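J.: Given next are the chains, with one letter for each unit.
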Amino acid sequence: MEVLSVSIDSVFVHKMWNDNELSKMVEGGVPFPMLSDAGGRVGKVYGVFDEDAGVENRGRFLIDPDGAVQGYEVLTPPVGRNIQETLRQIQAFQFVRKSKGKKATPSGWQPGKVSLTPGPDLVGNVWKVWKTSMAFD
Amino acid sequence: MPKEMSVGCARPTGGPVGEGAKKASSKNEKEKEKTAVQEVSPMIQIGKKVPDFTAPGYHQGKFISIQLSEYLGKWVLLCFYPGDFTFV
Numbered sequence: 001m002e003v004l005s006v007s008i009d010s011v012f013v014h015k016m017w018n019d020n021e022l023s024k025m026v027e028g029g030v031p032f033p034m035l036s037d038a039g040g041r042v043g044k045v046y047g048v049f050d051e052d053a054g055v056e057n058r059g060r061f062l063i064d065p066d067g068a069v070q071g072y073e074v075l076t077p078p079v080g081r082n083i084q085e086t087l088r089q090i091q092a093f094q095f096v097r098k099s100k101g102k103k104a105t106p107s108g109w110q111p112g113k114v115s116l117t118p119g120p121d122l123v124g125n126v127w128k129v130w131k132t133s134m135a136f137d
Numbered sequence: 001m002p003k004e005m006s007v008g009c010a011r012p013t014g015g016p017v018g019e020g021a022k023k024a025s026s027k028n029e030k031e032k033e034k035t036a037v038q039e040v041s042p043m044i045q046i047g048k049k050v051p052d053f054t055a056p057g058y059h060q061g062k063f064i065s066i067q068l069s070e071y072l073g074k075w076v077l078l079c080f081y082p083g084d085f086t087f088v
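Each protein sequence line maps, in turn, to chains A and B. First residue of the first sequence? That's 1 in my numbering, and the numbers climb one at a time after it. First residue of the second sequence? That's 1 in my numbering, and the numbers climb one at a time after it.
One or more of the hints may lead you astray.
Some residues of chain A that are not near chain B, with every Cβ distance over 12 Å (derived) [said to hold, decoys possible]: (1) V6; (2) W17; (3) G28; (4) F49; (5) R58; (6) P65; (7) D121; (8) V123.
Here are the simulated lysine to any residue pairs, SDA-like style, with alpha carbons at most 20 Å apart [claimed, not checked]: (9) B:K49 x A:P106; (10) B:K74 x A:P77; (11) A:K100 x A:L62.
Just so you know, the hints here were simulated from the structure itself, not pulled from any lab data. All values derive from a computational prediction rather than experimental measurement. Think of the CB as a built atom: it goes at the ideal place given N, C-alpha and C, for glycine as much as any other residue.
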């Protein structure tokens, strides 16, 4: 999994933010490339650029090895993301891909929890293998 | 993969590349009309390929240039955010 971050700030500002603040939160500084999107040209194409404010919203795109987007989420600026949920989704998509699409992960799935194998035998029988409480535990 | 960039006073920029970008620069009128129509429809569709782009970046003390398609074959988490020093 590779991470790329994008904002409208210049690479010089990225360096200052990393060197003066983020490197004090994360030892060794930001481990992934911090990209600069002047004018929001990339953000516009991804539908996350706020024209009125002139900045990107908190868009998060999960892109598979074929370059296809498997999931995205966009939040307005004041609320931060949930990294645990992002990691869970990545693990779920990787699990499904490894099964070559044979498996599916029900609501609340996490590594080690029961997955589903859709097919004729499962129709109407999900209740036998999956309980609603599993969406919450 | 990412190329190191030389740095001058001009602010380096990136932008979309690939089919959409090629059409935008086409001088053919019909192509232009097509581009205008395409701009209305959302470019991100779940399960479909994302638009490629290039962008300058900062990584571990170096200024670099990155093209998203260099990451084909790997999972990528692409995160946009409002700006450096914006608290959250």
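J.: Are K49 of chain B and P106 of chain A close enough, with their CA atoms no more than 20 Å apart?
T.: Violated, at about 25 Å.
J.: Does the claim that F49 of chain A lies outside the interface with chain B hold up, using a Cβ gap greater than 12 Å?
T.: violated, 8 Å
J.: Would you say V6 of chain A is clear of chain B, with no C-beta pair closer than or equal to 12 Å?
T.: At about 5 Å from chain B, V6 of chain A fails to clear the 12 Å cut-off, so the statement is violated.
J.: Looking at W17 of chain A again, its CB stays over 12 Å from all of chain B?
T.: Incorrect as stated: the minimum Cβ-Cβ distance to chain B is 4 Å, not above 12 Å.
J.: Decide if the proposed pair is consistent with the structure: K74 of chain B and P77 of chain A, CA atoms, cutoff 20 Å inclusive.
T.: violated, 28 Å
J.: Test the statement that V123 of chain A is away from the interface with chain B: the closest C-beta pair must be farther apart than 12 Å.
T.: holds, 23 Å
J.: Would you mind confirming whether the straight-line C-alpha gap from K100 of chain A to L62 of chain A stays at or under 20 Å?
T.: It holds: about 18 Å lies between the C-alpha atoms, which stays within 20 Å.
J.: Beyond 12 Å from every Cβ of chain B: is that where the Cβ of D121 of chain A lies?
T.: Given that every Cβ of chain B is farther than 12 Å from that of D121 of chain A, nearest at about 26 Å, it holds.
J.: A cut-off of 12 Å on Cβ-Cβ distance, and P65 of chain A was said to be off the interface with chain B. Does that hold?
T.: violated, 5 Å
J.: With 12 Å as the threshold, tell me whether R58 of chain A passes as away from chain B on beta-carbon distances.
T.: The assertion about R58 of chain A is violated, with a minimum of 5 Å to chain B.
J.: Mind verifying the non-interface call on G28 of chain A? Its CB should be farther than 12 Å from each CB in chain B.
T.: Since the minimum Cβ distance to chain B is about 8 Å, G28 of chain A lies within 12 Å and the statement is violated.
Violated hints for the displayed structure, listed by number in ascending order: 1, 2, 3, 4, 5, 6, 9 and 10.
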